[in-house]
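Q: Below are the chains, spelled out letter by letter.
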Amino acid sequence: MSSPAVPEWTGVALSVSLVGLAVLIAWRQRLGLAREIVIAGVRAGIQLFLVGAVLLFLFKHAGLPGGFAWLAVMVVIAGQVAGRRGKGLRHSRYVATAAVAIAAAVTMGVLMAFGVIQTTPRVVVPVGGMVVSGSMAATGVTLSRMMAEARGQRAAIEARLSLGLSAAAAFAPHRRELLRTALIPTLDSTKVVGLISLPGAMTGLILAGVSPEVAIRYQIVVMYMLLAAAVMAALAAAELGQRMLFTPAQQLR
Amino acid sequence: MSRFDLREVCVRRDGHLIIDRVTATIAPGRCTALVGPSGAGKTTLLRLFNRLDDPSTGTVLLDGAPLETLDVLALRRRVGLVGQRPVLVTASVREELRVGAPQLTDGEALGLLKRVGLPEEFHERPTEGLSGGEGQRVCLARTLAVGPEVLLLDEPTSALDPEAAAAVEDTLCGLMGGGLTAILVSHSAAQVQRMADDALVLRKGQLVENGPVAEVRYVNGGG
Ligand SMILES: Nc1ncnc2c1ncn2[C@@H]1O[C@H](COP(=O)(O)OP(=O)(O)OP(=O)(O)O)[C@@H](O)[C@H]1O
Ligand SMILES: [Mg+2]
Numbered sequence: 001m002s003s004p005a006v007p008e009w010t011g012v013a014l015s016v017s018l019v020g021l022a023v024l025i026a027w028r029q030r031l032g033l034a035r036e037i038v039i040a041g042v043r044a045g046i047q048l049f050l051v052g053a054v055l056l057f058l059f060k061h062a063g064l065p066g067g068f069a070w071l072a073v074m075v076v077i078a079g080q081v082a083g084r085r086g087k088g089l090r091h092s093r094y095v096a097t098a099a100v101a102i103a104a105a106v107t108m109g110v111l112m113a114f115g116v117i118q119t120t121p122r123v124v125v126p127v128g129g130m131v132v133s134g135s136m137a138a139t140g141v142t143l144s145r146m147m148a149e150a151r152g153q154r155a156a157i158e159a160r161l162s163l164g165l166s167a168a169a170a171f172a173p174h175r176r177e178l179l180r181t182a183l184i185p186t187l188d189s190t191k192v193v194g195l196i197s198l199p200g201a202m203t204g205l206i207l208a209g210v211s212p213e214v215a216i217r218y219q220i221v222v223m224y225m226l227l228a229a230a231v232m233a234a235l236a237a238a239e240l241g242q243r244m245l246f247t248p249a250q251q252l253r
Numbered sequence: 001m002s003r004f005d006l007r008e009v010c011v012r013r014d015g016h017l018i019i020d021r022v023t024a025t026i027a028p029g030r031c032t033a034l035v036g037p038s039g040a041g042k043t044t045l046l047r048l049f050n051r052l053d054d055p056s057t058g059t060v061l062l063d064g065a066p067l068e069t070l071d072v073l074a075l076r077r078r079v080g081l082v083g084q085r086p087v088l089v090t091a092s093v094r095e096e097l098r099v100g101a102p103q104l105t106d107g108e109a110l111g112l113l114k115r116v117g118l119p120e121e122f123h124e125r126p127t128e129g130l131s132g133g134e135g136q137r138v139c140l141a142r143t144l145a146v147g148p149e150v151l152l153l154d155e156p157t158s159a160l161d162p163e164a165a166a167a168v169e170d171t172l173c174g175l176m177g178g179g180l181t182a183i184l185v186s187h188s189a190a191q192v193q194r195m196a197d198d199a200l201v202l203r204k205g206q207l208v209e210n211g212p213v214a215e216v217r218y219v220n221g222g223g
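Protein chains in written order, with full-length UniProt numbering: chain A, 1 to 253; chain B, 1 to 223.
Distance windows between CB atoms, simulated:
no.: 1; chain 1: B; residue 1: 158; chain 2: A; residue 2: 88; range: 25 to 31 Å
no.: 2; chain 1: B; residue 1: 28; chain 2: A; residue 2: 88; range: 37 to 43 Å
no.: 3; chain 1: B; residue 1: 29; chain 2: A; residue 2: 253; range: 33 to 39 Å
no.: 4; chain 1: A; residue 1: 184; chain 2: B; residue 2: 14; range: 35 to 41 Å
no.: 5; chain 1: B; residue 1: 197; chain 2: A; residue 2: 253; range: 31 to 37 Å
no.: 6; chain 1: A; residue 1: 109; chain 2: B; residue 2: 71; range: 37 to 43 Å
no.: 7; chain 1: B; residue 1: 158; chain 2: A; residue 2: 253; range: 24 to 30 Å
no.: 8; chain 1: A; residue 1: 184; chain 2: B; residue 2: 108; range: 39 to 45 Å
Stretches of chain B that chain A covers, calculated by requiring three or more beta carbons in the stretch to come under 8 Å of a beta carbon on chain A:
no.: 9; stretch: 71 to 78
no.: 10; stretch: 82 to 93
no.: 11; stretch: 142 to 155
To be clear, the hints were calculated from the coordinates, so they are not data collected in a lab. Glycine is no exception: its CB is placed at the ideal position from the N, C-alpha and C atoms.
Throw the hints in and build the complete structure from the sequences for me.
A: Right, dumping it as structure tokens:
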């Protein structure tokens, strides 16, 4: 794929001039943002450069085990980030990591088992990355909504517990509510896909010179996979999180 | 028979001792008032009886059995709690009465409404728009639907205006007559004198007085 649409390194260097322009404007307008733009730009450049190097190494030398190891690292990082959203929940980072791991394992497992995607690091790493990041978002929202419900609806939950309902039954209406909230962004973006936004995978493929017909096939798989991953991550986070919310004696912590 | 024993019960929160070595007996078939100044630990203590919380140390026994040896869901059906404010968790009175008793028949539901002093029409009312007093009586009926032997009442009339409070209190007095055991948290000495047989006085988490209402100085203006 030596498509002319892919920028050369000289092109990359020239795109830096766009950042320069942004900095110039910010500085002239005294927005107090020039410094931050420079830092963000440099940071993004370094991160992508390093990731590119890691991927290059993985694809060339580490093989499939290396690809899965990299995926595991992503799951752990995602778990830390999403876990922070469940502030106040016991073991929220473990819960989040487990939820992301379950969603990623099931989604990737199905895709690979049915041969929908190739089982090579070149495919597993970027596709896994999308799955992990989608799962992370759904997990984060689920946990933060869960804590908001547990705090705000404490009286209602304890009223149900006091009537002899189990923790699961007492929390069920809130769980339904928070799962709906957590999944709305994913559902909405699935509904308007292609109409409002051309999603990343498709944009990337089209830019790289692949025909839209192929790009669309890929995008459909990606969309369904992200939908499934988000739903599974949210369900897993709600299920595991709920256990941390209550004691074994069905008391709200 | 539903006799509670508290043995050296302590509750610690964030390093503070909120309940400080309370040992007492709650007699079955009677109404025991739990009184004391604000912040004394009354609510904290009340929540131990149906295990919404557990003591940090010490034991609560029901008929000689430590609460943690009993099935907690069965315990909560046996020991009902009515809070300070009516917290309605469904959209209609019909559903509300069935939260803890899904099998409740319409006939039983109407009987419960009558017991708490609400007219039959309330069965078809939405929970939104109920007055505080009506809501509190629906909460009481919802708890009674489960068939408890013990009622835990945390200032059941404090959020109500005097008229509604009097109505709820009448309802409760009627229930006490029926052999129910009750533990009543109250700020009103008059209410305690009207409703309770015994009183426990808490101050800063410690039990400072304990006996029949007529003999407890805190309730009779002796502070
Ligand atoms: N989680 C907690 N952390 C620290 N202190 C707490 C906690 N929960 C309760 N307390 C404190 O424990 C004390 C007893 O609280 P409790 O609600 O049992 O008092 P109360 O006797 O019911 O008061 P009131 O009559 O105002 O309802 C209060 O000083 C309260 O601030
Ligand atoms: Mg209180």
